[in-house]
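The listed protein sequences derive, respectively, from chains A and B.
Per our numbering, the very first residue in the first sequence carries number 1; after that it's consecutive.
Per our numbering, the very first residue in the second sequence carries number 1001; after that it's consecutive.
Just so you know, the hints here were simulated from the structure itself, not pulled from any lab data.
Do not take every clue at face value.
[Said to hold, decoys possible] Cross-link-like lysine-lysine pairs, in silico, DSBU-like; alpha carbons within 35 Å at most:
{"id": "1", "chain 1": "A", "residue 1": "153", "chain 2": "B", "residue 2": "1076"}
{"id": "2", "chain 1": "A", "residue 1": "105", "chain 2": "A", "residue 2": "145"}
{"id": "3", "chain 1": "A", "residue 1": "127", "chain 2": "B", "residue 2": "1076"}
{"id": "4", "chain 1": "A", "residue 1": "145", "chain 2": "A", "residue 2": "189"}
{"id": "5", "chain 1": "A", "residue 1": "99", "chain 2": "A", "residue 2": "53"}
{"id": "6", "chain 1": "A", "residue 1": "53", "chain 2": "A", "residue 2": "189"}
{"id": "7", "chain 1": "A", "residue 1": "53", "chain 2": "A", "residue 2": "167"}
{"id": "8", "chain 1": "A", "residue 1": "61", "chain 2": "A", "residue 2": "273"}
{"id": "9", "chain 1": "B", "residue 1": "1155", "chain 2": "A", "residue 2": "139"}
{"id": "10", "chain 1": "A", "residue 1": "150", "chain 2": "A", "residue 2": "106"}
{"id": "11", "chain 1": "A", "residue 1": "127", "chain 2": "A", "residue 2": "53"}
{"id": "12", "chain 1": "B", "residue 1": "1076", "chain 2": "A", "residue 2": "167"}
{"id": "13", "chain 1": "A", "residue 1": "106", "chain 2": "A", "residue 2": "263"}
{"id": "14", "chain 1": "A", "residue 1": "145", "chain 2": "B", "residue 2": "1210"}
{"id": "15", "chain 1": "B", "residue 1": "1155", "chain 2": "A", "residue 2": "150"}
{"id": "16", "chain 1": "A", "residue 1": "139", "chain 2": "A", "residue 2": "106"}
{"id": "17", "chain 1": "A", "residue 1": "127", "chain 2": "A", "residue 2": "105"}
{"id": "18", "chain 1": "A", "residue 1": "144", "chain 2": "B", "residue 2": "1210"}
{"id": "19", "chain 1": "A", "residue 1": "144", "chain 2": "A", "residue 2": "53"}
{"id": "20", "chain 1": "A", "residue 1": "167", "chain 2": "A", "residue 2": "99"}
{"id": "21", "chain 1": "A", "residue 1": "99", "chain 2": "A", "residue 2": "61"}
Predicted model, so just to flag it, every value in this text is computed and none were measured.
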Amino acid sequence: MAPTDETNPSASTGSTPISRYETTSNPIVAGRGEPLVVVENVEKHYGDFHALKNINLTVNKGEVVVVIGPSGSGKSTLCRTINRLETISSGEIRIDGTKLPSEGKKLAALRADVGMVFQSFNLFAHKTILENVTLGPMKVRRQKKADAEKAAKVLLERVGIEQQSAKLPAQLSGGQQQRVAIARALAMKPKVMLFDEPTSALDPEMITEVLDVMTQLAAEGMTMIVVTHEMGFARKAADRVVFMADGEIVEDTTPEEFFDHPKSTRAKDFLSKLLTH
Amino acid sequence: MDTLFNNLDIFVDGFRMTFVLFFFAAIFALILGTIVGAMRVSPVTPMRAVGTVYVNLVRNTPLTLLMFFFAFGYPKLGLPDVGYTTLAIIALSLYTATYVAETLRSGINTVPVGQAEAARAIGLPFGQTMSLVILPQAFRATVPPMMSVFIALLKNTTIAAGFSVAEAGTIRQVLSERGEPQLTVLLWVALIFILAVGVLSLLQRYLENKWRVAR
Ligand SMILES: Nc1ncnc2c1ncn2[C@@H]1O[C@H](COP(=O)(O)OP(=O)(O)O)[C@@H](O)[C@H]1O
Ligand SMILES: [Mg+2]
């Protein structure tokens, strides 16, 4: 990901009233299963630049982990190493007990189990909404077209886009495109979903519709790793908040603990900047 | 007009061969060029290397030399005789494929990297990422420059005349033996080429409209 894709965190949250989510504390009752995503002693270098420093993170089945931190702290890099869109310099990453394969068919198969939602949606520009959602199931899961379309329609209905299935991505609003991107990832029946700032490229009025879909997904027990600055979502849907700064995990705790009693100065600094805007 | 109609047989035969050369070379160049273009953006280093060497070697060789090699070198290899026409098609295909590959590669670079990442993220391997997501979008972006490549191919077919392939480039020679004014013959040949290029331009416009990609 380009280093410049980051929007100013204070700007992106400034327009979203936090109070919108302050009604409930933490409705998630997802069962804490065994470890699903295990990141162990991971280091990542871009040339001389040390982007990830000794990262250790375990995400259990059904858990929702929000990753938060200043721009350039390595959140996207971490997210992308988990499905190996980015390689690591050393360490180990396991998905459901399987070490990430380095290349080829095995890696492709593993990626199919890890859903990813990007900041810039990345819907296939030359395919209709329906085709976007059915492509993976048909080509990777070898589903029949009719079955894939049936399942896709259910998913599109779930994210509220069933009316638009014959349109091209460019004909949809950003919020709609992102919901389709979520449906596209879900169509693969992934074990875990990665979200890299899914609402940062959206106009404020569209942020809610995407967060609502994500909140619902979390409530249904999906394992999720979400990079976001939406503190309301973190408080409402997250089991844990991981705070990153300068390529390190600085805090790994509950949302209440993190937002109300941050321990590190870097987290306090970061939160004060978010809140004063 | 008389020059044309009195010798219609020669014109028809000549241009038929031109279009045969063009048609087959265009198809093979498109297929080979797409493969080589994909190799040049492959994550596998040896694939990239082979693609790069091929493009640089063949593209930097004058087409006439390439034709020479096939017309005079190939028969010496003791392989089955396939005829000059086939050899000319092979030479034209190999040569044009390098331009197709380079045009496609520039087209691939216009497709946002997020498209490939999204394709990989749903579990598509490299081949399908290319064929299902990247190339269809790259083709759309390359219609105009690709047409230039094929217009050049159409005109390059005349080089085969030098190697015993009786296509449009030989019409002048034959007709001057029949005592027709050479300049008039050449003007007719040129005019027919311009018409043929016009047809390609229409095809280009059609494809551009059909494949207009919305972003
Ligand atoms: N492809 C790359 N090449 C070099 N540096 C990179 C690359 N991608 C990211 N970086 C650098 O790594 C750091 C972490 O980036 P990123 O993970 O995108 O941060 P975040 O998502 O937290 O804003 C940044 O300083 C960025 O400039
Ligand atoms: Mg980022």
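Tested hints:
1. Distance hint between residue 153 of chain A and residue 1076 of chain B is unfulfilled; the C-alpha atoms sit about 63 Å from each other, more than 35 Å.
2. For the given pair, residue 105 of chain A sits about 22 Å from residue 145 of chain A by alpha-carbon distance, which is consistent with the 35 Å threshold.
3. Between residue 127 of chain A and residue 1076 of chain B the alpha-carbon distance is near 51 Å, which puts this suggested pair outside the 35 Å criterion.
4. Between residue 145 of chain A and residue 189 of chain A, the direct Cα distance comes to roughly 16 Å. Compliance with the 35 Å bound is thereby established for this hinted pair.
5. Between residue 99 of chain A and residue 53 of chain A the CA atoms are separated by roughly 20 Å; this keeps the pair inside 35 Å, and the hint holds.
6. With a C-alpha separation of about 31 Å, the suggested pair residue 53 of chain A and residue 189 of chain A falls inside the 35 Å cut-off, and the hint holds.
7. For the given pair, residue 53 of chain A sits about 43 Å from residue 167 of chain A by alpha-carbon distance, which is inconsistent with the 35 Å threshold.
8. The suggested pairing of residue 61 of chain A with residue 273 of chain A holds, with an alpha-carbon distance near 33 Å, which does not exceed 35 Å.
9. Restraint check for residue 1155 of chain B and residue 139 of chain A: not satisfied, since their Cα atoms lie roughly 41 Å apart, outside the 35 Å limit.
10. For the hint linking residue 150 of chain A to residue 106 of chain A, the alpha-carbon distance of about 28 Å falls within 35 Å, and the restraint holds.
11. Note on residue 127 of chain A and residue 53 of chain A: the hinted pairing is violated, with a Cα-Cα distance of about 39 Å set against a maximum of 35 Å.
12. Our distance criterion of 35 Å between C-alpha atoms is broken by residue 1076 of chain B and residue 167 of chain A, whose separation comes to about 59 Å.
13. Our distance criterion of 35 Å between C-alpha atoms is broken by residue 106 of chain A and residue 263 of chain A, whose separation comes to about 41 Å.
14. In summary, the hint linking residue 145 of chain A to residue 1210 of chain B is supported, as the alpha carbons are separated by about 25 Å, within the 35 Å threshold.
15. As the CA atoms of residue 1155 of chain B and residue 150 of chain A are separated by approximately 51 Å, the hinted pair breaks the 35 Å bound.
16. Using a Cα cut-off of 35 Å, the hinted pair residue 139 of chain A and residue 106 of chain A holds, with the two alpha carbons roughly 15 Å apart.
17. For the given pair, residue 127 of chain A sits about 24 Å from residue 105 of chain A by alpha-carbon distance, which is consistent with the 35 Å threshold.
18. Only pairs whose Cα atoms come within 35 Å are accepted, and residue 144 of chain A paired with residue 1210 of chain B is accepted, the gap being roughly 28 Å.
19. Between the alpha carbons of residue 144 of chain A and residue 53 of chain A the distance comes to roughly 44 Å, so the proposed pair goes past 35 Å and is violated.
20. Among the hinted pairs, residue 167 of chain A with residue 99 of chain A is inconsistent with the structure: their alpha-carbon atoms are about 39 Å apart, more than 35 Å.
21. Proximity of residue 99 of chain A to residue 61 of chain A is assessed by CA-CA distance (about 17 Å); at most 35 Å being required, the pair is judged to hold.
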